[in-house]
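Please put together the full structure from these sequences, using the hints given.
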Amino acid sequence: MYDFDFVKPGSIDGAVKALAAEDAIPLAGGQTLLPSMKQRLNAPSVMVSLRGIPELQGVCRDGDVLVVGAATTHARVATEAAAEYPGLAALAGQIGDPAVRAMGTIGGSLANNDPSACYPAGVLGSGATIVTNAREIAADDFFDGMFATALEEGEIITSVRFPIPQKAAYAKFHQPASRFALAAAFVARFAGTVRVAITGASEGGVFRWTEAEAALKESFTPEALSGLTLPAEGMIGDLHGTPDYRAHLAAVMTRRAVAAAG
Amino acid sequence: MPKDGIGASTKRREDLRFLTGNGKYTDDINLRGQAFVHFLRSDVAHGRINGIDTTVAADMPGVLRIFTAADFESAGGLPCGWQVTDKHGQPMQEPKHPILAEGKVRHVGDPIAAVVAETAEQARDAAEAIEVDIEELPAVIDMKAALAEGAPKVHDELTSNLCYDWGFVEENKAAVDEAFDKAAHVVSLELVNNRLVANPMEPRVAVGDYDPWGDQSTLYTTSQNPHVIRLLMGAFVLNIPEHKLRVVAPDVGGGFGSKIYHYAEEAFCTFAARALKRPVKWTCSRSEAFISDAQGRDHRTKMELALDADHNFTAIRTETYANMGAYLSTFAPSIPTWLHGTLMAGNYRTPLIYVNVKAVFTNTVPVDAYRGAGRPEATYQLERIIDKAARDLGVDPIALRRQNFIKPDQYPYQTPVAVVYDTGNYDATMDKLLEITDHAGFAARAAESANRGKLRGFGVASYIEACGIAPSNLVGQLGARAGLYESATIRVNATGSISVYTGSHSHGQGHETTFAQVVADMIGVDASTIEIHHGDTSNSPMGMGTYGSRSLAVGGSAIVRATNKVVDKAKKIAAHLLECAPEDIELKDGKFSVAGTDKSVDWSGVTLAAYVPHNYPLEDLEPGLEETAFYDPSNFTYPAGAYGCEVEIDPETGKVDIVGFAAADDFGNVVNPMIVEGQVHGGLAQGIGQALMENCVFDDSGQLLSGSFMDYAMPRADDFPGFKVDHSCNTPCTHNPLGVKGCGEAGAIGSPPAVVNAVIDALHRAGHTHVSHIDMPLTPSRVWAAMQK
Amino acid sequence: MGKVTMTVNGRQMTAEAEGRTLLSTWLREGLGLTGTHVGCDTSQCGACVVHVDGQPVKSCTALAMDLDGAEVRTIEGMANADGSLSAIQQAFQDHHGLQCGFCTPGMVMAAAALLKENPKPTEAEVRHYLEGNICRCTGYHNIVKAVLAASGQDVSGLGIAAE
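Protein chains in written order, with full-length UniProt numbering: chain A, 1 to 262; chain B, 1 to 789; chain C, 1 to 163.
These aren't lab readings, by the way, just hints derived from the structure by calculation. Possibly wrong hints are sitting among the right ones.
In silico lysine-lysine, DSS-like type, Cα no more than 25 Å apart, as pairs [unchecked claim]:
(1) Lys120/C / Lys724/B
(2) Lys8/A / Lys3/C
(3) Lys153/B / Lys96/B
(4) Lys17/A / Lys3/C
(5) Lys588/B / Lys569/B
These figures come from a predicted structure and were not determined experimentally.
Spelled out as C-alpha cells, the structure:
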C-alpha cells in the first residue's frame, strides 16, 4: 500500500481534528479498508485509528434502546448484545469469520456500506439511529446506494442506537468466496410495525422491502409472504448469481428470517 | 518390519518444524543486500506496446534498475517441454514466450517491465510511474470464436489461434464412425470442464542470487522440480550451464501442478541478480498469482457413446476444445492429449475410441496441468455420459458400469487408446464403495431428507488414471522433450546413519517420512536414523520432481534400487568381516548373519568398516558405502477406484450440500496409510470444489472476474462432511519394486462426476426430469435456474 | 517510520514500522518470526492468524502501529515451555492435520482460539469456526479431527490416522 502517517487519538475530538487534515481517513477495524489499500485503491495521507477512543467502545442499554459504540467489534456485539437484542447479536456473529469479527467494527461497516455487508441490514431493519460527532441520522436517511452514505467528509460515527424490537432475526445466504451476503434479510417486529431490510441483492445496496413489511404487519408469519416477489430489475448479477436468482433468494431469506424470529 | 517400516501409519517428522513455525519456505529466505522486484503487468488482455517510458520511474527513490524486453535480447523464451504432433503429422504451432512482453501483451497479467528497488514498496511505487503506451486490440476469449475466420490472432506470427488439431487414434476414426452408424443406442452430451486456479496456499516466490566467486548463480524458488527448472532455465533461457547454476526449492507450500512450470519470474530474478550483483527477490501476492500462475482444466467437449442392443459400449467419440491461454506453459500441450486421450477407455471394455482435441490460443492466462491433469477431464466425460446413458436407457447406472468393466482375468489389458493396464479389480472397489456408503440405507435417508423438504441424491463414478509418470522412451515418442525417470543417492555414513538424496520433491506429501520408512524397512534399521534430502540441485542427483502421482512409484523405486545396491555392497563387506561368501549373508533387522550360524555383525559394524577400512577387502571393493540409482518405469501405473457422493439440495435456494462422500481406491501397496488417506481427502476437496464452487472466469474483454479469494470460491471446512476412504482393495502394481501405484491425484479425478451425478439423481428423483446436465460449478444459482425450466 | 513495541510470545519486542507496516510484515521482517504466513491479500485465507490480546486476528489485515503495546502470540509461542508440542500441535501431528504446512500456523492459532472459547466443540462447530482459514491440502478432514482430539473427544470413528 501507499505510505501514510498514522495517528491514534484518544478522544472523539482528537479524531475529528486529525481527520480535518487533507486526505485523512479513519481506520475503524480495517477489514475491508486495508485489503483495498493493498490494491492501492486508496491513498490517504493520514490514517486515523479509532481503536484508542474509549467512548466509541461497548454495548449498553438505554431504556428501550441498545446503544453500540461505533468502534465496538463484531465479536463484542455478538456476545454483549445477545441478552438484550439477540437478533442483532446473531447478525454480528455471522459477519466474516472469527478473526475478522475480532477487528471489524460496526462503525467501519456502516461507513463503508458495502452492498453485501450484514450490518446495513441490521441497522436499516431495526430503524436504528446513526449518531455521529455532529448529528443523528435515521437509518432511512443514512444509506445512499452502493458504498455511499450520508456521512460528510471528516464526520465520524460515534454510536448506533437500536430500538429493541419484540422479535427479530437475520437470515443470510453466503456468497461462497467472500462470505459476504449473496442475499440476506433482516426482519424486526415492533409494536405496530414490521421492518424488513435486504442486503447483498440490490445494485442500490441495502433496501427496505415495504411490501413484505405490510404483509408481515398483518401477520408475522412466513406464510404471509407467499406470493410476494421482488423484481429482478436492479438486482446484482455476477458470477455467483443472476438478478433473477438474487430476487428469489432475497424473498426466501425473508421468509426464513420471519420463521427464525418465531 | 521395523516399527516405522512399510505399511505403518508413521507420524510425519516434518510436522515438528511446520507446527512450531520453523518451516523454511522460500519467502522466509532473506539474503544480505537483497533487492526486490515488482512486475508491471498488463491490465488489458490484448494490446500492442507502442512505447515504454521509464524515465520518471527510474529516478524514483530506491530504484536500482528497470528492465524491459530489450534487456533480454540475449535470452531465450520460456521453453515448452512437449511437442504435440497434429492429426496431419505436423508439429503444433509454438509461439515464443518471452520473459517480458515483446511488442504485444497477450493476457491480463502479462509482464511488461520489471522494477528492481531497495524495497518491495519502492519497486511498486516506481512501477506505477512507468508510462506504457498500449494500443488495445480486440481480445479473443472464447475458444470457438478464437478459431473463427478472421478472428484476432493472439500471436501475429502464427497462421491462426489453433495450436494443434489432434486425432487419437486417427487410424481408428473411420471404424469409430462406422460403429456409431451401427449402434443400437447413441448418447451424446456437451459439457464444460471449468477452468480452475490451483491456489496452493503458499504463493510463488523467487530469490535470485549471484556469487562472482566461482561465477555461481543460485535460484531459490517455490518449485515441485528444481532440477527441471535448472535444466530449462539454464539451457534454454539464460544460457547458464548446470555446474554454474544451483536451484533450491526448500519447504514448498503446496503445488498441485502449478509449481511444476518454469516461470518468467524465476528467470528474471536469476538474470537480474547477475546483472545487479545483488540478490533479487520476488514475492507474489495472491491477486498477482491469479494472473500469473498457470491455471487448470478449461475444456469444452462434445462426447458421444455408442452402445449395442445389450448395452455393451461399442464406441466413444469426442471432440474437445482445450484452452492453452496466451502462451504454451511448460507441459501444456501434453495435458489435453497424452494425459487425456489415453484415459478415455476408463475402466471399460470399449473397443473403439476416437478423441479429437483442438488446442486453442486465447488472450487468457496460460493453462497447464492441475491435480489430475487431463485425467479428470477424461473421467468426467466418461462418467457423466455413462450416467446419462443409464438414465436414457432406463437401467441402473452401477449395473451399466459393471457390465462394461474390464474384468480381473483380462489383464494385462490393451486399451484402444495406446495404454496397457497391468492390473485392477473395478468390481471390488465398487462393492467396497457400496458397503462403506451404506448404499442399502439410501432410500431411508432420502425419505428422511424429503421430510425436511430437501432433495437427496446419490451418484457414483469409477475412475482410472495413468500415474507413475513415465516411461521415458514412450513419452519421447509422444513428443516429450524430457525423460521422466527418477533418481536417488543413498549415502550411508560411517556410524550407520543414512542420508538419502532424492530427485523427487515434497511440497506436502510427506516424503521425508515415507521414503525413510521404505529404507528402514529394507535395511531393518530405525527410521529415525535416516534423513531424506530433496529440493537442492547441488546435492541431489538429477531428478524430475514431483507431480503426476509419481514420487513413490518412480522416486521410491529409485530409492529401492539404490538401497539394494547399498545392501549388496554391505553384504560383501559383512562377508569379509564374517569370513564367508556374500551369498551366505542374510540381512534382517539391521543385522548381517551367516546363514545357519550364530555369526553376525550389525549394520553399524559394517558401515564403520566401509569408512575405516582396516579389515576390508580393499583389493576387491572400494571403501565407502554410497550408491546412486536411476529408475525409469516400464509402464505407467493405473490407480483406479469407485467414488460415491450423496447430496442434499435445498430446493428453495438450489444449494447443494455434500452429506456423504466415500472413496474406495486401489492404489496397490501402501507405505503409509495415514498419509494416503490425507492425500485422498485433499484431492476430494479439490474435486468437490471444482464440481460445486470453483470457477475461473474472464469477461468478454479478458478481464479476470474471479481474481481473488473474494470471488474465486475456495472450499472451506464447513463446505464438507467427513470423508470415508478405503484402500483395502489392492491389486499391487506388477512392474515396480514396491507394487505401488500413486495416490496424489485420485481424489480430484473421481469426485467431480460423482458429485454431478448425485445432483442430477436428486433432481430426477424430485421430478425435475428435464434436467439432464448442469455444467460445473453447480452453484446454487445454476441449480436453482435448472429447476425453474 | 517509528518504533513499535509489543509483548510477543511473552517477551517485549521492539522493531521499526512505517504507518503502512502490517502486523504480519512487522512480525516476519521486523522480528524474524517467519512462522506467520501470508497466503492472500484479501483477508480470506487465515494463514496469518495470530492472537492479539487473546483474540484471533488476521495479522495481514492489521497495522503494526495500531497495535503498539499489544500482547501477541504467534505459532512460535505455542509449544510447551520445555519445547514439546502443545496439545493442539500434538493433535495436528497425531492426526495428520497438515500436509504442506503453510496454512498450519494460522490453523493452529484459530483452533487454539476456538478451544479457549468452546472447550468441547462439536464437529459442526469446529468446521464453522474454521471458515476463515483456508487449507488446500487436507480437505479439512484431519484438521477437524485434530481439533476434536485436542479437545479430548473420541475421534476413533473418523478414519485410521493415529490409530
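Tested hints:
1. As the CA atoms of lysine 120/C and lysine 724/B are separated by approximately 23 Å, the hinted pair is consistent with the 25 Å bound.
2. Note on lysine 8/A and lysine 3/C: the hinted pairing holds, with a Cα-Cα distance of about 14 Å set against a maximum of 25 Å.
3. For the hint linking lysine 153/B to lysine 96/B, the alpha-carbon distance of about 14 Å falls within 25 Å, and the restraint holds.
4. Taken as a hint, the lysine 17/A and lysine 3/C pair is honoured in the structure, with Cα atoms around 24 Å apart against an allowance of 25 Å.
5. The suggested pairing of lysine 588/B with lysine 569/B holds, with an alpha-carbon distance near 15 Å, which does not exceed 25 Å.
Checked against the numbered hints above, the structure breaks none of them.
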